[in-house]
Each structure stands twice: as structure tokens, then as C-alpha cells.
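Protein chains in written order, with the working numbering: chain U, 16 to 223; chain B, 16 to 223.
No lab work stands behind these hints: they were computed from the structure. Don't be surprised by glycine CBs; every beta carbon is placed ideally from N, CA and C. Just so you know, not all the hints are guaranteed correct.
So the derived list for chain U, only partly shown, Cβ under 10 Å to chain B, looks like this [to be verified]:
no.: 1; residue: W109
no.: 2; residue: N114
no.: 3; residue: S118
no.: 4; residue: A139
no.: 5; residue: V144
There are 2 protein chains.
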Amino acid sequence: MSLTLYCFGESGHSYKVALQLALSGLDWEPRFVDFFAGETRGPEFRALNVMGECPVLIEGGRVTTQSGVIQLDLARRTGLFQGAPEDRDEVLRWILFDNHKLSAQAGTARFLSNFVPADKRDPAVIAFVRGRLTAALKVLDAHLATRDWLAGDGPTIADFANCSYLYYPEPFGFDRAAYPGIDRWLDRIAALPGWRHPYDLMQRAWRG
Amino acid sequence: MSLTLYCFGESGHSYKVALQLALSGLDWEPRFVDFFAGETRGPEFRALNVMGECPVLIEGGRVTTQSGVIQLDLARRTGLFQGAPEDRDEVLRWILFDNHKLSAQAGTARFLSNFVPADKRDPAVIAFVRGRLTAALKVLDAHLATRDWLAGDGPTIADFANCSYLYYPEPFGFDRAAYPGIDRWLDRIAALPGWRHPYDLMQRAWRG
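So here's chain U without its partners, still in its complex pose (with noise of 0.2 Å):
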């Protein structure tokens, strides 16, 4: 496989699969998508993606959306990070259970506390959305109190969905230290072989 994957350094929603891609070992590049300057609102990145989001991975002609969906083929094809057969279930239980209510959260909150002009920040939007962060965190500390990784007894796609906004620097209502077991499995994936921040893996766009 030679792969594009369509991306910007902010995105926790690329670092799923830009994660997965270089711990997977594949040859794979990153194509620089100028989010903050609007490059997803436009109508060429639309007709790449009707949904208007990054990631986006190209393999020659073929186009593939959706971080949930590229992170399964990629698994699939590679054999990689999938989980056992009686696994998958609980692999994509806990991918939904991210998508739906711990990144959608957290990047949300991010984005809200860090990169909306701070004269346009609500504090009241911010603090609802950090509770409903704050309750998903919660579900996935008690998950991982008892547990070295999300699902069956190995690292799967699963953790590198959920994990994807908790390593970035900038403040969004997420203390390591308030979470005990989500602070030991972050440990856990960073010491995998090949493992590397985002902002290590994909270029920034915030300029601000």
C-alpha cells in the first residue's frame, strides 16, 4: 500500500489512523490540510469528502472517510490491531462509544478554550461541553481501572480512537492526574514500539 492521508496536527480524528498507519509500519504520507485557513469548507476538499472532515486516506483512486471506517479497513487488511474474532464487537462498541462521546467532546472543548479568538469564547458553552467530556473520561477511567487496554488483552484500534485528543498540550478540562487508570494506559500505547506524538506525525495549522 502507498497511502495519502489527508491531516493536520490538531486533529485528534487523524491521529486515530495516522497513529495506527505508523504503528502498523506503512508507507504512508502525510498531506497537509490547512484546516484554520478554511481548506474544509471549500468545495474541492468537499467533493474529496461530503462530510467536510478530516482524516481522508487515499490509496491511488481509492477514497476512504470516516476515521471509524478507515481505522477497520486498515486493520482488516493489515491483520493489525483488530482485536480477535470474539473481540471485534468490543472493539467497535468502545470506537462508537469515542466517536459519540469522548472526541466529539474533547475536540470540541479544545477547540473552543484554544483556537476561537478569546473575545468569541462562552465560558458557559465551554463548561457544558467539558461536563459532558468529564462524563465520558469517567466511563473510561472506570473501563480501564481494572484493564491494561479497551478491548481483549492487547492494543487495538479501539485505544488509538479513544486516546487520540489526550496527549495534545493545550488545556481542555483533561487532568491526567484525575484519571488514574486513563493516565497508566496513555503510558501503555506511548511505549509502543513505533508510537509518536501528533504533532510529531502531522504538521500544525494553528498559527495563532
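Given the coordinates of chain U, assemble chain B onto it according to the supplied hints.
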């Protein structure tokens, strides 16, 4: 299969599964969850689903949670509404879109607009969530402008996921007249043999 679905009428996420069960002609019964009395936050429910969410599907001793996992599992086992093999990634793509961008916002907007005491509703928060909902509805409407169904040539579980909050009567920032593609598609789904409204499939929990 003899199936029990933990659900309540106001839960669009439960409706995704209830509608699939009804349209698939399966033998099932709803088990009412008293959401507004806090049942999903209690220890008994958490023991069933650590994520604290409806729906939960029970079949004998087998417990399945997360609507998308249940939908895919039922589709696989019945062979109904899963889409043609070449369309299944597209089915999953729209299920993930729904979980992340559409139902997540629609459910929250509807909850905040209707099921929170009037003196605790924050107009800024509601406007923010409705803004995100509008963006998702526009993506869905554009996709449906030239298609009858979200993926492939017939109805799939992707349609049942994305439509799930859009039949409710309570106001939450969705006006069918503003989205002609969605409007026709909702009529199309409602014309499927066996279709029923969420409040006709599941007992309502709201007593306000």
C-alpha cells in the same frame, strides 16, 4: 431469537434498534427504562452497561450495547438492511457520522430544549448545540438531494440510525420544510412495511 430491548420512548438511540427490530419482523419486547428517574445512572443499570446508556439488547444471557453494534449484529444475523457487500463501508460511514455529528447533537438539542426545567435552560448553550446540528443536517440533506437512501439502492441500518431523532414532535431546531432531501427520505422510511413512530414502539419516560 427472543429479544428484550432496554429502552424508552424519548431515546432516539433506542429507536434506531426498535425500528430495525420492527421492520425485520423479529420477536422482541421493550423493557421500559425510567430514564428521568435516573435509572441509567444507577448501579444495576451500570452493571448491565458501563457506558450508562440505552439501548441494551438482551438475548438469553447475551448482552449487547451501543446502538451501532446492535444494529450491525442484527443486520448480519438476519441478512436484512445490511446493504450489499460493496456498500457496507458506506453504511458504517453514515452510522459513524450519525453517532458523532447528527444524533449526538439532535439528542442533546432536544433534551436541553424540552426536558430541562425552563429556568435551567441556557439559550447560549442551546444555540451552540443547534448550530452544530444544523451543520450536520445540511450534510445529510445534500447527500439525499440525489439519492433515495444513504448507502446503496435500498434502506439500510444507516438510514435507521440517521433518522432516529427526526420524527419527534418536540421542537429542537429541526424543521423538515428547510431540508427537502431529508423530508422526502423521512416519508420514504415511514412508508416501509411495519414502520412505527418511536412513541408507538416504546413507552415514554417524560412526565413533565
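Query - Residue hint N114/U, partner chain B, criterion CB-CB below 10 Å - result: At 4 Å from the nearest chain B Cβ, N114/U passes the 10 Å test, so the hint holds.
Query raised in the report: Hint check: is the beta carbon of S118/U less than 10 Å from a beta carbon of chain B?
Result: holds, 8 Å
Query - Hinted contact A139/U with chain B - closest CB pair below 10 Å - result: This hint holds: A139/U lies near chain B, its Cβ roughly 5 Å from the closest one there, short of 10 Å.
Query raised in the report: For the hint on V144/U, does the least C-beta distance to chain B fall short of 10 Å?
Result: holds, 8 Å
Query - Interface hint status, W109/U versus chain B (Cβ within 10 Å) - result: holds, 8 Å
Hint compliance for this structure: no hint is broken.
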